[in-house]
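Asks: Order-wise, the sequence lines are chains A and B.
Numbering of the first sequence is given in this note's numbering, commencing with residue 32 and proceeding in unit increments.
Numbering of the second sequence is given in this note's numbering, commencing with residue 169 and proceeding in unit increments.
Just so you know, the hints here were simulated from the structure itself, not pulled from any lab data.
In this text, all values refer to a predicted model and were calculated from it rather than measured experimentally.
Errors might be hidden in some of the hints.
[As the list claims (entries may be wrong)] Simulated crosslink set (SDA-like; lysine to any residue; CA at most 20 Å straight-line):
#1 K341(B) - R314(B)
#2 K203(B) - A298(A)
#3 K203(B) - D93(A)
#4 K203(B) - L274(A)
#5 K716(B) - L283(A)
#6 K112(A) - D93(A)
#7 K203(B) - S252(A)
#8 K203(B) - L283(A)
#9 K716(B) - D692(B)
#10 K203(B) - D136(A)
#11 K203(B) - K328(A)
#12 K328(A) - A298(A)
#13 K341(B) - Q748(B)
[As the list claims (entries may be wrong)] Residues from chain B that keep clear of chain A, each with C-beta distances beyond 10 Å, as calculated:
#14 V192
#15 S207
#16 N399
#17 Q433
#18 E666
#19 I709
#20 E722
#21 S743
#22 P753
#23 L767
Where is the CB? At the ideal position from N, CA and C, for every residue including glycine.
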Amino acid sequence: MSQETHSNQFTTLFDNKTLSMLERMRLNPTRRLTNRSRGEHLSGKGGTSTEFSDYRNYVPGDDVRYIDWNIFARLNRPYMKQYQHEEEMHVVLILDASSSMDYEDKFLRCQQLAAAFGVMGLLNFEKVSAYSCNNKGGLPAKLSPCTGRISMKRLFDFLTKIEVGGDSPIEVAVEDVLRSHRGRGIAIVLSDFESFGDLQRPFNMLYSAGLEIFGVQILGSSEMNPEINGDLRLVDSESGQTLDISSAGDLLGLYHEHRALLEAHLAMLCRQRSGRFLTIDSGDLLEHVLFDLFRRKGWVI
Amino acid sequence: MNYWPGFYSLPGAWFLLLLVPLVVFYFLKLKRPHKSVPSLALWSQVINDRRVNSPFQKFKRSILLLLQILLLLFLVLSLMQPYIQSGADRALYLPILIDCSASMAATDPETKKTRLDLAKEQVTELIDNLLPDQRVSLIAVSSTARRLTDFTSNQRILKQALATLTVDDVPSKLEDALRITQALSRTVPLKTVLFYSDGNFPKEVNFDLPFELNYQMLPPAGSNLGITSFNARKNQTGNWDVFIRVENTKTSSNPVTIELKQDGQTVAKEELVLGEGDSQRIEFSINTDSGSDLEAILSPGSYDSLPSDNRAFLKIPSSRSLLVYISPDLASYRYALAEDKNLVLYPEKDDATGPAEYDLIIASSENNLEKQALVKLGVGFVPEDLKKFISLETKLTDVVDWNRSSALLRHVELNDVQITEQPVWAENASVEDLEGLGYEVVVHGQLGPLLLQKRNAGDLEYYFLFNTDRSTMPYRVGFPIMVSNLIQLTLQEAGIAEVQAPATPILPAVEYVPENKYLIKTPDGKQLSAESNKNGLVSGIAALHVGKYLISGEGANSDEISVSLLNPLETSLVSVEEIQFTEVPVTASQDQIDSDKPLWSEFALIAFGLLLVEWWYFQRRPAGVPS
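Using the sequences and the accompanying hints, generate a full structural model.
Replies: Here's what the structure looks like:
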């Protein structure tokens, strides 16, 4: 995708065509975890956002506005029309902005996916909030919950202004986010999940907070298929720690095994909590990821 | 075989010290390139996992170093020039005698390889395995010995000399080669001498071995048929009886054809069937007065190992009368020979002058013996050069003993012959003094020799030191027999009554212009040069191959002399398994001699292989990368 900013483009993260396609898509959570409060669209728009659900007998005290008068005329008995009330769902975007994401196009892809999920949430009148986690111990940068097309510009501005760098591991970042977050819905965690820590705890906390977990592991091409050989000193981008390896070529088999194990472990953690998990290569085309991969996996409809 | 390797150049082990800088440089050079990665989380797990699962972790970590150490080790081992010891003492100087006599050309019916080819193969293998400090000298053995190379370790020179070695159509004579080797042993220390032969030589060798002789006998060849004798004798009718002897080594059911050609025309042909080891003499009769060239050709009906003995050549001389000079005072000799029609006696009654050369001179004084003749008989005087050893006394004496195998005294009985002149040894004189001057005592008297024989530059001389007319000899039956023997000897020397085919390895002496140069063209196309002596004799020319030798020069007129092999021992192809030397016998070794096997090339090859492996390991695509 072109990174050039054109005057007629709504955002630098993707072009208008992609944006218009995203506007017609919506998130498809497995469980419908919503806030108790009724959604804005139910009270304000007057039925355009309500769907008929069932009938029930009228009982005194019911709002007479919901009596189906046509049935009353035919049967001479009042029946109340019941509507499926759509309640508000909170879409929480948690972006890992630590140094480990500053490789190849990892963080760009992270921003693009966050923007895409955000757009889907906003245009479907979900409440969308975003958190960017950089440094361990520090408060994450936050986009306050917002909704509607009007908030799209705010979301894009928030995402494009995130500075990459820091040493915050994803498990600590999730804890930091949950300190300030309130509301049920979906937590979309965008990270490389390469952490020395225990990943089970943040997933448990997200689940306990009533958030369905959408885990997206973003890895660079050099992480998917590293081509290294000989004797090397590997330097950790976050901690600066080093690790000497010899005959690196011999280790690549083991590396792939461990990467597959991590992927399987994360997928299992998400699945156990009725969530979803997907690993993507930052080198893959965005259109392929958004309109093919996520659709096929049932993440979006 | 000792499988523990020896090292020729042990000081090469000092190069192992290079291991120290190798290891030092390896670790100094091991400045690992830094590579920044997003996170070490996965790599840490990978390293921990490998440490747990791989028992050879440390080994794998420095596999390049290990390969380099192995490469250096093998290079140093190669430099140290290792070899597998044969178990025998390693000879630094090794003369190799290679038999190249006629029988070595015998081929195997299956492989068609000659014995010489087999010997060359074995010697080539030895040369290939030569160690740098070993020196080999090649010596060809035939009727004489030729040193092909000096002591050298240069394989190219040795192989070149070996390649030029060919079979000579001559019988083998081991003594010459052993004497050459003995001479070599005075300049270099020799422990062992290798001798490759098919064993076709006389069993007894008159030689004291000063070194160990390792006799490598080559496997026997196939069957062989050959002409072993070819001669002719003039019979009383004036015709020539030609005798050809053919020998066979193994049973053959196919008949053999013998063809006799006279001046290129076939005059006789006969078929024979010979059993194993059979020898048969065939007789033909031919008529010629002016001389002829005869050629006998043997056509074997089945496989024949040796082709060189299938042809033989003989020259029949033109007939003539013998010219005999007899001193007038030796009446008994003239009387004994007067009736022989084939003789012309000089001096004739009416003519005191005779020809310049005679066939036989019987003279009573030394002056008369100065004329040219093939055979000379001095009667009644002591030759001038012997007068200081022998003197004549007038005293009755008789014969004590005589050489009964002497050609002159064949069938002659000398017992009780009374002699009035007695030769007497001078003080301190003995037979050795005469032998020193070339004389041989044929008849011994009581106090001195009575009859002497001397071979003088092709002439045969006999000296009766007493006057036979002053003894009872002329009255004995033995006297005409002795005179007849003398005539037969002269006929043989003149070659006009009996001729034998000339055989290798020397051309028969021929007489041309004195002190002149002559060129001899051999059957294999080589040119030899020779010079005639003061008597005009051209002699001592090597004839190593069967065939015609063309002599050109003044008086020669492109004369042809053909020689044949005609050696029953070579034709028989028999093998002697034990050589009987003067003191010790040497038995043939059937096993090929073990030689030290150099290993440096193998080690160098392994080092090269390691270099390739290291290069591949360094350059290879990383393992585990999905295709």
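Asks: Decide, hint by hint, whether the structure agrees.
Replies: Comparing the hints with the structure gives:
Under the criterion of a C-alpha separation no larger than 20 Å, the hint pairing K341(B) with R314(B) is consistent with the structure, at around 12 Å. For the suggested pair K203(B) and A298(A), the alpha carbons sit about 29 Å apart, so the restraint of at most 20 Å is broken. For the proposed pair K203(B) and D93(A), the alpha carbon gap of about 71 Å is over 20 Å, so the pair is violated. Only pairs whose Cα atoms come within 20 Å are accepted, and K203(B) paired with L274(A) is accepted, the gap being roughly 10 Å.
Between K716(B) and L283(A) the CA atoms are separated by roughly 85 Å; this puts the pair beyond 20 Å, and the hint is violated. With a CA separation close to 11 Å, the supplied pair K112(A) and D93(A) stays within the 20 Å bound. Of the supplied pair hints, the one linking K203(B) and S252(A) holds, its CA atoms being roughly 15 Å apart against a limit of 20 Å. Pair hint K203(B) plus L283(A) holds up; C-alpha atoms about 15 Å apart against a cutoff of 20 Å.
This hinted pair checks out: K716(B) and D692(B) have alpha carbons roughly 9 Å apart, not beyond 20 Å. For the given pair, K203(B) sits about 18 Å from D136(A) by alpha-carbon distance, which is consistent with the 20 Å threshold. In summary, the hint linking K203(B) to K328(A) is not supported, as the alpha carbons are separated by about 35 Å, beyond the 20 Å threshold. Between K328(A) and A298(A) the CA atoms are separated by roughly 13 Å; this keeps the pair inside 20 Å, and the hint holds.
A hinted pair counts as satisfied when its Cα atoms are at most 20 Å apart, and K341(B) with Q748(B) qualifies at roughly 14 Å. With a cut of 10 Å on Cβ distances, V192(B) stays outside the contact zone with chain A, its closest approach being about 16 Å. The non-interface label for S207(B) is inconsistent with chain A: the shortest C-beta to C-beta separation is roughly 4 Å, within 10 Å. At roughly 90 Å from the closest C-beta of chain A, the C-beta of N399(B) stays outside 10 Å, upholding its exclusion from the interface.
Every CB of chain A lies more than 10 Å from the CB of Q433(B), the least distance being 91 Å, so the non-interface label holds. At roughly 96 Å from the closest C-beta of chain A, the C-beta of E666(B) stays outside 10 Å, upholding its exclusion from the interface. At roughly 79 Å from the closest C-beta of chain A, the C-beta of I709(B) stays outside 10 Å, upholding its exclusion from the interface. With a least CB separation of 90 Å from chain A, E722(B) remains clear of the 10 Å interface cut-off, as annotated.
Interface exclusion of S743(B) from chain A stands, the closest Cβ pair being 66 Å apart, more than 10 Å. No Cβ of chain A approaches the Cβ of P753(B) within 10 Å, the least distance being about 69 Å, so the stated non-interface status holds. Here L767(B) stays apart from chain A, with its beta-carbon at least about 32 Å from theirs, past the 10 Å limit.
Consistency with the previously given hints fails for numbers 2, 3, 5, 11 and 15, ordered from lowest to highest.
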